[in-house]
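Undergrad: Each chain, written out:
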Amino acid sequence: MAVSTVALIALVVGMGALPLLTTNPYYLQVVNIGYLTAIAVLGLNFATGITGQIVLGQAALMGTGAYTTGLLMLRYHLSWAPALLLGVVSAAAVGMVLGLVSTRIKGHYLAITTLGFNEVFRLVVLNESKVTGGPFGLRDIPQLQIPAFGTSTAQQLYFPILLVALGLHGLAVLIYRSRYGRDMRAIRDDETAAEAMGVDSRATKIRAFTLASAMAGLAGGGYVLLVGFISPNNFTIADSIRFLVYLVVGGLGSIAGPFIASVLMVVLPEVLRGAKDYYIAIYGAAIIVVLLGFPRGLSALADRLVAPWIQRPAVAPPVPLQMELPATDDGRTS
Amino acid sequence: MAALLEIRNVTKRFEGVQALDDVSLTLVGGEIVGLIGPNGSGKTTLINVCTGLVSPDHGSIRLDGMELVHRAPWNIGALGVSRIFQNTRLWGTLTVLENVMVPLHRFMRAPLVETIAATRRARREELVAEQKALAALRQVGMLEFASRRAADLSFGQQRLVEIARALAAEPTVLLLDEPAAGLRGGLILEVADLIRRVRDRGVAVLVVEHRIKLVMDISDRVAVLNLGRKIAEGAPKAVQQDPAVIDAYLGDRAHFLVELSGRRGEREDGRP
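Quick note, the sequences are listed as chains A and B, same order.
Count the first sequence with this note's numbering and you get residues 1 to 334, in order.
Count the second sequence with this note's numbering and you get residues 1 to 272, in order.
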């Protein structure tokens with residue numbers, strides 16, 4: 001077995017074994033939030049890392065999912081499953097509109113537009129206090145209970161969240177390798193060439209944004225079910241930028257890198273809490289070291305675990321030359 | 001039926017520069033048309049207009065009677081109009097094989113969900129596209145580079161992959177913007193041979209080239225652009241002797257005109 005396979009198994013087993021090593025709800029909660037963050041960052045990866053559209057509003061999309069889920073549970077007493085589903089759908093719908101916008105507005109202008117969207121979201125949530133609870137947020141949202149898995153919510157939801165996060169990353173690898181992923185990457189590398197070669201850039205961007213925002217919505221809804229409290233402060237521009245930092249540190253377009261970066265960078269400040277005021281400085285220094293030392297982020301290491309571009313071995317050279325090939329010599333479409 | 005691309009009275013201005021001025025040209029399947037002209041004469045713009053990257057101010061472009069103007073570039077590509085770019089434009093982080101597979105997506109029907117679930121249809125489509133792409137790569141002699149990242153290839157290799165990419169989609173109209181730029185002598189002949197074979201399959205081919213000799217050798221018909229106007233069209237021999245062409249393209253006045261029109265910065269030199 002290759003070293004990388006062993007490392008990957010060790011990583012997954014390590015994550016799975018964590019609740020056995022500690023039942024401290026605080027530790028587990030921090031890691032849970034790390035996994036949820038990884039889901040939001042994976043979504044951002046589809047729009048920014050894989051399709052090349054810079055988005056600075058991922059936190060607002062996460063907030064859309066969170067507030068939809070929370071409001072449906074509090075005001076309409078929906079159970080968690082339909083509320084979460086509608087949270088994902090609402091975020092995806094907003095993301096679809098952003099995707100449509102992205103076909104008109106490009107590059108830095110798109111970044112600024114999504115940044116503006118994030119601020120609009122915050123202001124609406126802050127000021128529509130009759131609906132959203134305003135600056136006090138939504139409190140006492142019933143958390144998801146699975147008593148069989150432990151005593152605290154953090155313990156109970158650890159495995160569900162971990163499984164969903166890993167499942168979505170597996171899904172991401174499949175999409176990355178498929179023709180839909182190829183279309184996205186082609187647009188990132190050279191949009192004009194992609195369009196000339198038959199890639200529908202509008203449909204592809206909308207698809208990427210919808211995926212991105214659905215994952216943000218799921219992370220947001222999951223956060224509600226885990227924490228039971230949300231406020232406008234959870235979904236600010238600073239959070240959107242934070243997600244982008246995790247993505248860059250993890251490696252744009254890598255799948256395993258941003259996952260590891262997200263979990264580490266959510267957990268790290270808590271670990272460094274003992275260092276008091278210095279922790280921000282240590283944190284910042286760590287980011288700079290990673291970016292200077294590994295320009296491709298953690299992906300330089302993480303892609304040895306899971307590299308989405310490594311295809312089925314059939315593609316690797318040498319390709320047998322005498323293989324039966326479909327008719328291309330007569331120019332016919334099969 | 002052989003494809004027919006009719007370019008009629010196409011005009012395009014870029015802020016103060018008349019890139020195309022009432023240009024008409026017809027491409028027919030099974031024929032290679034050479035397009036020559038000094039720097040900035042509008043050759044690349046003509047290809048851009050045909051592929052929907054630039055929309056003309058006036059005029060019409062019809063493929064088998066179907067209007068192409070104002071169609072999205074990807075729809076034009078799906079109708080069978082394929083091209084290569086003057087300075088190669090592969091997708092650098094994709095593998096060579098993936099590069100050639102992308103234009104084949106137009107034959108693939110499985111929706112995203114089916115693709116993820118890897119249904120029989122999705123897997124078959126992917127396999128067929130892969131085989132076709134490998135066949136196209138073999139045609140240009142780049143098969144052994146299939147799993148390399150495109151950005152790691154030399155310029156000449158990228159050019160060959162780009163030709164494979166244009167051929168893989170089985171186009172009925174093929175627009176080649178300086179296919180031999182950056183290739184060394186022997187390869188130029190091979191590419192010329194490949195273009196002839198593509199023509200013999202019934203594809204309508206337009207070749208923009210700088211090397212007069214190559215164009216005259218390969219083309220069944222030659223058109224000459226100068227300052228956005230078509231100044232001559234006909235058999236290679238006849239065009240070579242046309243006084244207007246000699247005047248504009250080969251004579252001393254050419255340099256003067258090149259200087260005048262070169263401001264647009266169109267790159268015609270085969271970069272390294």
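Rather than coming from a laboratory, the hints here were simulated on the basis of the structure.
Take the hints with a grain of salt, since some may be wrong.
Negatives, chain A to chain B, calculated, CB over 10 Å [unchecked claim]:
(1) Val-89
(2) Ile-175
(3) Tyr-180
(4) Phe-229
Covered stretches of chain A, going by a simulated chain B footprint (3 or more residues, C-beta under 8 Å) [to be verified]:
(5) 62-71
(6) 132-139
(7) 214-225
Glycine included, each C-beta is placed from N, C-alpha and C at the ideal position.
Undergrad: Evaluate each hint against the coordinates.
TA: Hints and how they fare:
no.: 1; hint: Val-89; result: holds, 16 Å
no.: 2; hint: Ile-175; result: violated, 7 Å
no.: 3; hint: Tyr-180; result: violated, 6 Å
no.: 4; hint: Phe-229; result: holds, 34 Å
no.: 5; hint: 62-71; result: violated (count 0)
no.: 6; hint: 132-139; result: violated (count 0)
no.: 7; hint: 214-225; result: violated (count 0)
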